[in-house]
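Visitor: One letter stands for each residue in the lines below.
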Amino acid sequence: MRQRWVVGVLAFFMVFVFAGFSLAADTVKFTIPLPLTGSKAKFGEIEKRSYEIAMEEINAKGGIKGKKVILEFEDSQGKPEISRAIAEKIIDVLKQPVIFGEYSSSCSKAIAAVAEERKVPYLVVTGAADNITQQNYKYVFRMNPSVSYYTSGLRSFLKEVVKPKTIAILYESSDFGTKGAEGMVKDAKKLGIKVVLKEKYESGAVDFKPILSKVKSKRPDVIYMVSYVMDAALLMRQIKELRIDAKLFAGGAAGFAIPEFIENAKDASEYVVTATLWSPQVSYPGAKEFAEKYKSRYGKYPSYHGAEAYSALYVIKDVLERAKSWTPEDIRVAMKKTNIVTAFGPIKFEDREGYQNQNFMDTLVLQVINGKHETIWPVKYATKHYVYPIPRWRDRR
Amino acid sequence: MDSVALEVLLQTLISGLLLGGLYALIGIGMTLIMGVMKIINLAHGELMMVAMYMAYWLFVLFHIDPYVSVLIVAPLMFLFGMAIQKFLINPVLKVESILPENQVILTVGIGMVLANLATIFFTSDYRSTPVDYASDAWYLSDYWRGSPIELSLSVPWTVSFVMAVIITIALWFFLSKTDTGKSIRATAQDIDAALLMGVNVERMRLITFGLGAALVGAAGCLFIPIYYLYPALGGRFTLIAFVITILGGLGSTVGAIIGGLLLGIFESLTATYIGMGWAPVGRFAIFILALIFLPGGVASLLRRRRLGG
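Heads up: the sequence lines are chains W and F, in that order.
So that you can map any letter, position 260 of the first sequence is 260 in the working numbering, and since no number is skipped, the others follow by simple counting.
To convert a position in the second sequence, counted from 1, into the working numbering, add 397.
If you're looking for bench data, these hints aren't it; they were derived computationally from the structure.
Please note that a few of the clues may not be correct.
Calculated cross-link-like contacts (lysine to aspartate or glutamate; reagent style DMTMM-like; alpha-carbon spacing at most 20 Å) [what the hints assert, rightly or not]:
id : chain 1 : residue 1 : chain 2 : residue 2
1  : W       : K79       : F       : D462
2  : W       : K247      : F       : D522
3  : W       : K68       : W       : E81
4  : W       : K214      : F       : D399
5  : W       : K266      : F       : D399
Residues from chain F shown here face chain W by an in silico Cβ test under 8 Å; the list is partial [what the hints assert, rightly or not]:
id : residue
6  : H460
7  : S521
8  : S532
9  : S549
10 : A583
11 : Q586
12 : Y627
13 : P677
Where is the CB? At the ideal position from N, CA and C, for every residue including glycine.
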């Protein structure tokens with residue numbers, strides 16, 4: 001009697017274990033590190049939703065090589081040391097042959113170091129600091145342009161339309177902010193614009209007026225800011241308050257390009273231009289469909305981070321379908337040969353200008369016109385003609 | 398000094414003063430609790446966050462202006478603070494423990510729970526001020542046409558500052574003129590003596606924590622029109638309150654007011670003349686300098702003056 005009971009239990013476990021195996025055989029599971037809590041959680045959430053939309057679409061069309069995709073998310077809280085630990089777990093414990101994900105540059109950098117050391121390919125999705133792909137890493141690929149290239153569109157807009165003589169640069173004291181500011185300094189030098197002021201600030205500050213009154217006293221033609229969303233809104237509100245009349249207010253992507261910027265800065269956001277990588281109206285295949293699907297589900301359009309995450313899963317799908325086997329080495333070889341057009345834009349990993357495995361692409365310029373982000377540059381993608389010169393604060397309304 | 402440099406200096410001082418007034422209000426709450434309880438309330442910023450969400454929803458759902466909602470939020474925060482003291486901190490006070498500061502650790506825990514609850518209930522979305530007058534300002538040149546310099550005074554910042562001053566004066570009146578206020582001060586000075594004099598120390602603790610929470614709650618309402626909110630913002634303000642409490646002299650209300658104003662003006666001057674990126678460094682430099690050279694804070698200076706003169 002007792003023996004039968006034991007056999008029964010054993011049989012039960014056997015069934016359970018086999019079921020587990022068979023399940024594992026036709027699914028492929030990826031763990032994605034993202035900041036789901038903490039101050040960067042907003043972006044983590046956008047990316048998580050976008051990955052999930054891509055997952056559903058891919059699964060509806062038969063998965064990757066017939067395997068159903070399952071995504072799991074690990075919360076890095078936006079802290080590099082936690083991202084690092086997650087990456088180690090993904091490689092050492094979960095034995096996943098390729099890693100992708102994470103939001104900020106500092107976290108992406110932490111994972112890149114682990115991936116390179118363990119020889120597992122890592123696809124950087126949103127981390128934009130230049131040096132991530134400048135360290136002669138063989139296993140680190142980046143699909144988003146690096147922060148110095150975020151502004152290539154804006155650079156040509158400045159050159160051909162605004163033609164400023166002086167510029168003031170404000171940036172947050174993070175990896176992203178510092179690199180963005182350095183990029184603009186280089187651009188300014190190329191275009192013959194004098195940098196009259198270059199100042200960093202602590203993200204989350206309450207009062208920007210002291211630094212802004214200093215900016216005002218220098219009377220720059222252009223004020224260029226590299227900020228996340230709430231700093232961006234606060235900066236513009238306080239610029240309006242101090243009536244600083246520059247010829248152009250320009251943002252370096254991040255906080256200026258997402259719809260929340262307009263919601264928060266309200267009328268102070270009008271006519272602000274921003275470099276961006278993507279907007280919901282661009283003509284890349286699948287871009288509009290993705291944007292609409294996201295909006296119908298979550299009530300608002302995704303930022304470019306969403307498009308990056310959404311497309312990242314398609315890049316992974318493409319790579320895995322081309323790879324000879326699913327070992328890190330073969331995946332790396334296949335990834336190097338990637339050449340597809342995603343909803344985010346064309347993806348191709350190149351070694352040039354001191355970068356390795358970096359995707360280079362056209363970037364856009366948006367301007368807030370009548371309380372909406374409109375693509376204004378390059379003209380071939382424009383949805384509205386740009387407004388320039390912009391009215392002085394005193395004359396508005 | 399030419400007119401441009403003068404304009405920058407004056408604008409900086411105005412900003413610093415307005416910021417300092419608000420800092421002072423945040424600092425006073427922590428200082429009061431510090432004085433009576435002898436612990437640093439490290440959930441202070443999170444209490445402010447809770448109050449900000451209250452004010453935010455009062456506006457969004459019932460269209461109550463944040464400045465009016467001070468009258469609703471501050472009493473609610475008073476009750477909330479008393480509840481924390483009664484049901485969470487008091488029981489820990491009575492337990493024997495290895496660490497004497499385990500109430501401090503408890504406040505850290507309370508802060509974390511509040512921040513995470515806020516993330517669950519309100520998501521981690523940033524929410525901005527819902528009011529329309531957020532970037533309105535008064536301009537000197539509108540009143541004085543030929544003015545050689547242009548200065549601006551933000552409407553919400555100024556209103557917030559004035560309300561902070563009013564609340565502070567009301568607090569001073571409460572502490573120095575009422576029986577309860579005097580008992581709180583007695584408890585802060587010497588718990589044993591206060592006990593012997595028949596002060597209900599337990600009740601004073603309740604009231605003090607409530608009052609501290611109400612003050613930072615009021616500060617939260619005043620911050621809504623000029624700042625934004627998200628669940629994780631508490632830490633930043635806890636830190637600021639901490640620096641002010643040390644700078645002002647642990648437990649001194651007047652010290653906290655002066656400390657807050659000093660910190661605000663100092664931060665603004667650093668931002669203009671050294672660089673805004675240095676603000677956090679400056680904050681800690683002040684913190685350490687105060688600990689080394691002025692361990693009693695501004696309050697000890699005031700006291701020395703009084704004894705000497």
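Visitor: None of the hints should be skipped; say for each whether it holds.
Guide: Verification of the hints:
Taken as a hint, the K79(W) and D462(F) pair is broken in the structure, with Cα atoms around 37 Å apart against an allowance of 20 Å. Our distance criterion of 20 Å between C-alpha atoms is broken by K247(W) and D522(F), whose separation comes to about 32 Å. Of the pairs offered as hints, the one joining K68(W) and E81(W) is violated, with about 31 Å between alpha carbons and a cut-off of 20 Å exceeded. With a C-alpha separation of about 14 Å, the suggested pairing of K214(W) with D399(F) holds against the 20 Å cut-off.
For the suggested pair K266(W) and D399(F), the alpha carbons sit about 35 Å apart, so the restraint of at most 20 Å is broken. The closest approach between the C-beta of H460(F) and any C-beta of chain W is roughly 17 Å, which is over the 8 Å cut-off, so the hint fails. For S521(F), the shortest C-beta to C-beta distance to chain W is roughly 4 Å, which falls under 8 Å, so the interface hint holds. Proximity of S532(F) to chain W holds as hinted, the smallest CB-CB distance being about 4 Å (cut-off 8 Å).
The interface hint given for S549(F) holds, since its Cβ lies 6 Å from the closest Cβ of chain W, which is under the 8 Å cut-off. Evaluation of the A583(F) hint against chain W yields a violated restraint, the C-beta minimum of about 36 Å exceeding 8 Å. Among the interface hints, the one on Q586(F) is violated; its C-beta lies about 34 Å from the nearest C-beta in chain W, farther than the 8 Å criterion. For Y627(F), the interface hint holds, since its Cβ comes within 8 Å of a Cβ in chain W; the closest pair sits about 7 Å apart.
A hinted interface residue such as P677(F) counts as satisfied when its beta carbon comes closer than 8 Å to some beta carbon of chain W; here the least separation is about 5 Å, so the hint holds.
In summary, the structure is inconsistent with hints 1, 2, 3, 5, 6, 10 and 11 from the numbered list given earlier, while agreeing with the others.
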